[in-house]
Structure formats: structure tokens, C-alpha cells
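Spelled out from the first residue to the last, the chains are:
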Amino acid sequence: MSETGDRVKKIVIEHLGVEAEKVTEDASFIDDLGADSLDIVELVMAFEEEFGVEIPDDAAEKISTVNDAIEYIDSHKG
Amino acid sequence: MRRVVITGLGLVTPLGADVETAWSNLIAARSGAGTITRFDASEYKCRIACEVKPATHEYGFDPNKRVDHKVQRQVDPFIIYGIDAAGQALEDAGLTDMTEAERLRAGCSIGSGIGGLPGIASESLVLNEKGPGRVSPHFVHGRLINLISGQVSIKYGLMGPNHAVVTACSTGAHSIGDAARMIALDDADVMLAGGAEGAICPIGIAGFAQARALSTGFNDTPERASRPYDVDRDGFVMGEGAGVVVLEEYERAKARGAKIYAEVIGYGLTGDAYHVTAPHPEGSGAFRSMEMALRKSGLALEDIDYINAHGTSTPLGDELELGAVRRLFGSAIDTLSMSSTKSAIGHLLGGAGAVESIFCVLAMRDQIVPPTLNLDNPSESCLGVDLVPHKAKERKVRAVLNNSFGFGGTNASLIMKAV
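Residue numbers (full-length UniProt numbering), protein chains in the order written: chain A, 1 to 78; chain B, 1 to 419.
Same shape as in the complex, but just chain A (with noise of 0.2 Å):
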């Protein structure tokens, strides 16, 4: 992984409490790390604390899988 996609693991391992393995590029987050609405919606804003972008929320439901949440966040820090 990039070192965003590095950063990006270290958050989603903290929130939802997985194996550092189960966090692939490819990873869902509901369907493959147990995450809930409420759970995006708090990986979200940790993306936005850690990385200094803004997710707006049309673009915030377009994030899925964690290379969604990579390739959002190398597409638009400053």
C-alpha cells in the first residue's frame, strides 16, 4: 500500500476493531470489515481529521472499500 493507503489502514484497524489482514485495497467495509452506516460515517470524518480534505457527503456515500477512501483522498489533499 501507498503511505496514504498505510495511513488509511492504521484508521479503518482502530475504528472497527480488525485484523490488520482482513484490510485489503479490495476490503469492503460493510460487507468485509463489519462496519455499519454509522461506522463509515465516523471512518469519514477521521479520513477528514487525519488527511485535512473534505469528503461531502454525495461523495462520502461513493466510498465503499478502502482503495475508494485511498484514491478520493490522493485525488484531492492539498
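Calculated directly from the structure, the hints in this document are not laboratory data.
Wrong hints could be hidden among the right ones.
For lysine-lysine, the following DSBU-like pairs were computed, each having C-alpha atoms within a straight-line distance of at most 30 Å [claimed, not checked]:
1. B/Lys65 / A/Lys10
2. B/Lys65 / A/Lys62
3. B/Lys70 / A/Lys22
Computed from the model, here is a short list of chain A residues facing chain B with C-beta under 7 Å [as the list claims (entries may be wrong)]:
4. Gly17
5. Leu38
6. Val41
7. Glu42
Backbone N, C-alpha and C define an ideal beta-carbon position, used for all residues, glycine too.
Here the structure of chain A is known, so what remains is to put chain B in place on it, guided by the hints.
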């Protein structure tokens, strides 16, 4: 009405995070009090509390045993304590793998006095400093008082009544009394009932201190601060933790060969209709609460061997409660023992009545009553009553009374008896 018995116990307390550890420390006359470690209280009027100890401590609490990592991050301490105590009680009762039909008839009534005060305070700061978009999406359901019952029902699949009492410091006793009635009235066969509190935080300590309820004169000797009935008492010491019991319909418990600790035979509940924080000057609410419980129990005054008092170590409350006990029991007071275990674990507020009811049950099991610590010089009005000073006392214990009184002038009394 159907009979209701206690078949499982669970405790998280400042003296231990399981029933046997907490009980043996209590009987050994240990104190759970200390200087506050949760935050820097050095500028506060009250700098002491009875905290639940961390997992690394000799009798600390490990939340990872029964509470999921994700839940731990989302909820306030009172919910974590409540979930763990409920799990202990279910395990103790041997009811962790009930069938779907059984779970449809099993419910929860686990309340709290204050609920998620630490989280309300900290998220208010987030709102103020970072704006509404940074408030946790788990803020509301991580603080609500009925979310112990909610979380426990989801974790164990309990689909019966889902209830939560909020009556300040009488929450725990009301929870058990109300839940026992739900079984007696055939709303459920099994109920997890009790209370929890986790309000040792800056705003919690400051608020109770401003209400002049906390001890402030023993900051350098915290173990001496909670001293019910003693002339030098000056307020309560805040505790935290949870107590949960499994209540079960008697015939069902007997048929499955369950270990039966006691029967809940009497429940009284009254209001002072007097003042928001001060008890009624004649203790009339307390008197009527005990009287009602006694009448429901069908017992004679002489049958009560032990009273676990509300006895918070406040100047007014202790003597008013004792006065009410004197008037109700008359000469029968000579043969009973009455102690306040708040002298050792502090005041668990919404958890107190449940934790203390469990101590009552254990007093019957082991035929020993826990002590009132620090009772060096009893107030004059307390003379002539066995308040079990300093050391636990072995004695006959057939039936017990637990009192809990709360802000708002709310009173609850429970009577339990060995089966």
C-alpha cells in the same frame, strides 16, 4: 402472582470486577477509594473517588472480556460496565445459550442515574471547538441510559421487555423491583436487571461538589472519607461500576435445576414530595418505602436480619434513614445488623441499589454481613444499633432489606429471602 428468584449475579466495582473478588475484598474491609486518576482534579474541592481499577491492577476491570472493541470506542463507561456485569450474570445463571423461544421471554431492565455524562461533556467541547460536522455519529446512542439494555439485548438476543429505569440513586433497586414485577405479571420469564454508573469526570465531580453532596475534607486520606454514621462524615465519595442480576420465574428456575440465590419477596417505592436534594426531615418517604416492602413480603419485623443501608455518609441522610428504621422496627432493631457498604466502594449512584442487593444476597449465602468502614465515633442518634463497624461479622442472615433513595425524593426498598 408468580414467584421470582435470583439465579445469576454480575459485578463491576471499585473493589473488583467479578462477584467473588469484590465480595472477598469487601468482607476483608478493604477500601476502593483513592485520589482521582481519570483527570487532573488537583484544583477541585473534591479530589477523591472510588474508581474501577484498570486491567493491570490486582482487581482491575478488563473491558475486552465481554465488550466488543467497536462498542468500547462508541459508548460511555457506564454502558461498558453494564454490558460486562450483565454478561457475568448470564454466565453465572448458565443462560448464555437460550433457545429462541426462551429468548422471546427474556428481557432487560438495566438503568443508570446519570448516563453518559463524560461523553456529553467531551462532545460538547468538540462541537464548540470544531463545529457540528465533527460530532461523533455515535454520540447519541453512546450516551443514552437505555442503551445498556439495548446493547445487552442485541448481544445476547433477548427479545422480551427492554426497559431502563432512571431514578437517580434508587435506579438499581427500582430496576430489580420493576423487573421482578414483569416476571410476576407474566410479561417475561427471565430478566436481566440492575444499574450502572460511570460519571467520574470533571463535570460530574464539579456538579456534585457544587450541590454540596461530596466529601471534601479527606482529600489527603481518601480511604477515610466515606464514613457513614460517623460524627466526622461530610458527604459521599463517588463510585462507579455496575451490578446486574438474573431474575427468573421460580418454577422455571427449579425445573432446570438452577442455582437459586434468593427470592425477591418485597418491593416498596414511594416519593418524599418534599425537596429535590434534601431528604424529608422525618424520613417519611424512607419509612413508607420500607413499610410497603415489608407488607408485600409477608415477613415479620423480626425476620429481617440485615439491612444494607442507603447510608451515603452525608450529614443529614444517614441519621434520617436510621431514624426511619428505628420507628419501623421498634424493638426488632435490637436483633438486626445494618451496614453501609458505600463506606468501602463509594456511592455508585444508579448502580448502588443493584450492587448492594447483590451484597445482600451474598450475605445470606455466606452468613456474614459486610462492615461499615471508618465508623470510629458514631453519631449519638446511631447508638444502640449494630452498624457493623470496621469488621465483617458472621451471623445468621435469613432475610435482608436493601434501601436506596435518590434526588427528587424517590425511594425504593427491596426485601430478599433465602429459598
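* Asked: Is B/Lys65 close enough to A/Lys62, meaning Cα to Cα at most 30 Å?
  -> It is violated: about 36 Å lies between the C-alpha atoms, which goes past 30 Å.
* **Status of the hint placing A/Val41 at chain B (closest C-beta pair under 7 Å)** => holds (4 Å)
* Can the hint on A/Glu42 be confirmed by a CB-to-CB distance to chain B that is less than 7 Å? -> Since chain B brings a Cβ to about 5 Å from A/Glu42, closer than 7 Å, the hint holds.
* **Minimum beta-carbon distance criterion (7 Å), A/Leu38 to chain B** => It holds, given that the least Cβ distance between A/Leu38 and chain B is near 4 Å, below 7 Å.
* Asked: Can we keep the A/Gly17 interface hint, with Cβ of chain B closer than 7 Å?
  -> holds (3 Å)
* To do: Verify the proposed pairing of B/Lys70 with A/Lys22, using a straight-line Cα cut of 30 Å.
  => The given pair, whose Cα atoms are some 16 Å apart, holds under the 30 Å limit.
* To do: Please work out if B/Lys65 and A/Lys10 have their alpha carbons no farther apart than 30 Å.
  => Holds, at about 23 Å.
When the structure is compared with the earlier hints, a violation turns up for hint 2 alone.
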